[in-house]
Amino acid sequence: MRVLYTSLKYLAVVLWSTFVIAPFLWAVSTSFKDFQSVTNGATYIPWVDFEPNLEGWRALWKSPAQGGVDIVEPFFNSVFVTASGSLISIILGTLAAYALSRFTFKAGFIRNGDITFFFISQRIMPPVVLAIPFFIMLGKFSLLDTLAGLIIVYIVLLMPIAVWIMVDFFNKVPVEIDETALIDGCNPLQAFYKVVLPNSIPGIIVAGMFCMIFGWTDFFFSFILTFTEVQLLPVAIVALNSSITPWWSLSAAALVSVAPLVLVAFIVERYLSKGNLSGALK
Amino acid sequence: MSLIASNLSFKPGNEWHLDNVSFEMSKGQIYTILGRTLAGKTTLLKTLAGLISPDQGTLTLDDGDFGSIPVWKREVAMVYQQFINYPHLSVYENVAFPLKQRRMQSDQIKTRVMKALQQVGLDGFENRKIQALSGGQQQRVALARSLVKEASVILLDEPLVNLDYKLREQLREEFRNIFSSEASKDSILIYSSTDPVEAMQLGGQILVMDEGRILQQGTSKEVYENPNCTKVAQITNDPAMNLFEGRVEDGRIILSSEIELELPQHCKGLATGSYIFGMRAAGITLNQKGFPFSVELSEISGSETFLHIRHEMIGVVGLLDSVQNFNTGEVVSVQFDTMQLYVFDQNEQLVSSPYRGLE
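Protein sequence lines, in the order shown, are assigned to chains H and Z.
Per this note's numbering, the first sequence starts with residue 1, numbered consecutively.
Per this note's numbering, the second sequence starts with residue 283, numbered consecutively.
Source of the hints: derived by calculation from the structure; they are not laboratory data.
Careful: at least some of the hints might be erroneous.
[As the list claims (entries may be wrong)] Residues on chain Z that point at chain H, a partial pick, calculated with CB under 8 Å: (1) A331; (2) V353; (3) A359; (4) Y362; (5) Q364; (6) P369; (7) P380; (8) Q383; (9) M386; (10) K503; (11) Y506.
[Claimed, not checked] Below, simulated BS3-like cross-link-like pairs (lysine-lysine); rule was C-alpha separation at most 30 Å, straight line: (12) Z:K448 x Z:K397; (13) H:K194 x H:K172; (14) Z:K411 x H:K172; (15) Z:K550 x H:K106; (16) Z:K397 x H:K194; (17) Z:K309 x Z:K411; (18) Z:K355 x H:K194; (19) H:K194 x Z:K550; (20) Z:K392 x H:K194; (21) H:K172 x Z:K382; (22) Z:K448 x Z:K503; (23) Z:K355 x H:K172; (24) H:K194 x Z:K382; (25) Z:K293 x H:K172; (26) Z:K467 x Z:K397; (27) Z:K293 x H:K106.
[Unchecked claim] Calculated Cβ distances over 10 Å to all of chain Z for the following chain H residues: (28) Y5; (29) W26; (30) T39; (31) A42; (32) S121; (33) M125; (34) G139; (35) A148; (36) T180; (37) L182; (38) C186; (39) I204; (40) V256.
Ideal Cβ placement from N, Cα and C applies to all residues, glycine included.
So here's chain H without its partners, still in its complex pose:
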């Protein structure tokens, strides 16, 4: 019985891993193919099923005039917009979350919990509901099809995530740490940045990761709010899907778009598992 249970467990793990990894392997394999290899039936293993080449990858750097797909500018646009939007969201969101966690706000029937819910309620609405007002407002301020406009929209979209995560994190940080800092001579602002903030790095990293994932993978708003001047990576990749789709370049571009998130995940993983607050309150 035990052998059967173990076998089923491993089978489930293998199936799930295959399900997760298969699309990546498929994309990696396709990115080294050419027109012939893609159109001549299903081929999987390089050098056995098909002869690999770097055309798909080289095309990423070439302009359309040279027969390439040029995703360099969209890539850096995405990096700039996502990084700026996430950073500003984290800064504002952390400050807002600290205030919501530590101070009591009352305005009529509205309390701290209602304000926190107000932030996250913007993520509950279908994106299309937000798209129209965003479009009109950015148009009014001549920010349509600009990086600045996208950054503002991303701040609005990402800050609720940061507030939500950080409120929960700060609620778990004992308020006695803040009080001890005050007693030890810090004013409230110093208590925040000298004591609370350094001990909130795991929470900030989690919030930052979520902001980056949401920002980096957004297609809808970047598609609606940009036209010709500015293009972000998800839109540029989808734009490759035309009547003659260069699947090899599209796969390479898709892998490039995934790479930053994987890299960030590897870098911050150790901070996430560290649990820096373990010595604050035993």
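Dock chain Z against the given chain H, drawing on the hints supplied.
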């Protein structure tokens, strides 16, 4: 130097956390605030620290207004019952933190930090991370941080409650030595506790608190010997003092149809009437010539046995100075040592104590 609190009151909701609290404290003394959970001890300490603004009342230190000074400028230090330290800093940096906030010179900081660490027995641990320390060591770091400030008022909020028994005993002894050292002579030490044994061992003055009020203030001996009401009698004893109702008639104490006691010498002169009688567990012992009580529970604690027994409406706890086993429902013969009898009136105020006789 004296710290004077006058009519401090704090009522954040429907319940008083501080109800007209007044006291005067002098430097170089240890004051223990003794009370049950939710008695208002922590609220009082936080009010003294400046973390809570009372609804009314004043606080003065050396005749100067202490209550209006913001917490970060007050001459106070505080140790919490949780081991609160700064996890991102080393032991040295933790202890040095309040001095760095005062912008002291680094050589002065070093001298004072090393002295404080030596006082709490943590010299050699300067570079350790907080997470690498045991619970007792973490609490020593917190204590060192409170000592290094050389604050006028040092607040200790049940600092030993989260430690295991052995460590608590050891640290309690060390605390007493630290507090009685020269370094603490210029400070007012205020220690809160739920444990009457701890309060008595620390010595000094005791303030007994309940429901936000100070019920009694005095030396530990005074409070122990003459608790001014039934609540103080219960709070200052572990197990709580046994209380049972009865009448005084014809020079005898009548507790039930079967239990009558001779009026002890210190109660002679009590007027006929109903009273609440109090007796510590140690005053209730087993004796063949005693009264029949049935055992409800027996608890062995170290080399002693706490016996929970009942006779009609009278439920008491006796303390036997040996380890004994009893069955639930077993009938035992119990004697009351009336020389240890306290008498309270119907308003629960002390009428007579073995140490002072009739009030």
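Non-interface claim for T180 (chain H), where every Cβ of chain Z lies beyond 10 Å: At roughly 5 Å from the nearest Cβ of chain Z, T180 (chain H) sits no farther out than 10 Å, so the non-interface label is violated.
Just want to verify: I204 (chain H) was marked as not at the interface with chain Z; is every Cβ pair farther apart than 10 Å? holds (13 Å)
Measuring Cβ to Cβ, find out whether G139 (chain H) lies farther than 10 Å from everything in chain Z. Consistent with the label, G139 (chain H) stays out of reach of chain Z, its closest Cβ about 46 Å off (over 10 Å).
Is it true that the CA of K411 (chain Z) sits at most 30 Å from the CA of K172 (chain H)? holds (21 Å)
Does L182 (chain H) sit more than 10 Å from chain Z, CB to CB? L182 (chain H) is in fact no farther than 10 Å from some Cβ atom of chain Z, at 5 Å.
Is Y5 (chain H) truly not at the interface, in the sense that its beta carbon sits beyond 10 Å from all beta carbons of chain Z? holds (38 Å)
So if I understand the rule, the pair passes when the alpha-carbon distance is 30 Å or less; does K293 (chain Z) with K172 (chain H) pass? holds (26 Å)
Hey, does W26 (chain H) actually stay past 10 Å from chain Z on C-beta? Correct as stated: the minimum Cβ-Cβ distance to chain Z is 44 Å, above 10 Å.
10 Å Cβ clearance of T39 (chain H) from chain Z: Holds: least Cβ distance 58 Å, greater than 10 Å.
Is the interface hint satisfied for P380 (chain Z)? The criterion is a beta-carbon contact with chain H at less than 8 Å. With a closest approach of 4 Å, the P380 (chain Z) hint holds.
30 Å limit on alpha-carbon distance, applied to hinted pair K448 (chain Z) and K397 (chain Z): OK: K448 (chain Z) and K397 (chain Z) at ~26 Å, within 30 Å.
Chain H contact restraint on P369 (chain Z) - CB to CB distance below 8 Å: holds (4 Å)
Figure legend: structure checked against the earlier numbered hints; hints not met, in rising order: 9, 10, 11, 15, 17, 19, 36, 37, 38.
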